[in-house]
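*Asks:* Sequence:
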Amino acid sequence: MSESQVSRDTAVLVIGLGRFGAALAATLERLGREVLAVEKDPDLVQQWSHRLPLVEADASNADALEQLGAEDFQVAVVGVGTSLEASVLITANLVDLEIPQIWAKAISAEHGRILRRIGAHHVVYPEYDAGARVAHMVSGRMLDYIEMEDGFTIVKMRPPRETHGFTLADANVRQKYGVTVIGVKPPGEPFEYATPNTRIGKDDLLIVSGDSSLLETFAHRP
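Numbering (this note's numbering), first residue to last: 64 to 285.
Listed below are the simulated DSS-like cross-link pairs for lysine-lysine, each with C-alpha atoms no more than 30 Å apart in a straight line:
1. K265 x K239
2. K219 x K248
3. K219 x K239
Source of the hints: derived by calculation from the structure; they are not laboratory data.
Please put together the full structure from these sequences, using the hints given.
*Replies:* Written out as structure tokens, the structure reads:
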């Protein structure tokens, strides 16, 4: 797909094809979402030019963004993080163009505060989020960990031994631990929504939601 074929009112503008930006752009494409990437490094442009609709440009230059029609995009992602100056300039340019949704990568709390102050609608901290997520996973039975907001969290985990062979009603998980088992996946079978009659096997996977501290307690049961 060429740049001219990208529908700017539905596509996502991804600026910066480092590890974060490239992974995001490739995943969006895989999910069927149109993407236009912007990258100033000629080596990265060459690496990705046959895989993504791509423009070689310096997005910290407001004129360059206007020339590629950035103001027509509804969503833009600033994947530049290692250069604070470039990240701030690019985000400010997108704010000036009144992009409805601006997502920006930050590498520190201070960086994130600056991005929000100049008008970024969403700030993400990939390195911090990945580190926190892995910390929860290596410390117990958790196999995946997604913290939403205000402490509400969803995890994929192995069941504690005390629940093996019992139905959810008999195990009394919600009353004992304050968490909710949403779904159960027996080995070789698809996930199914949990009911009070769902029986937990020792090799099952559980999808459990609740407050992060309560989930930690439940995941650390014997």
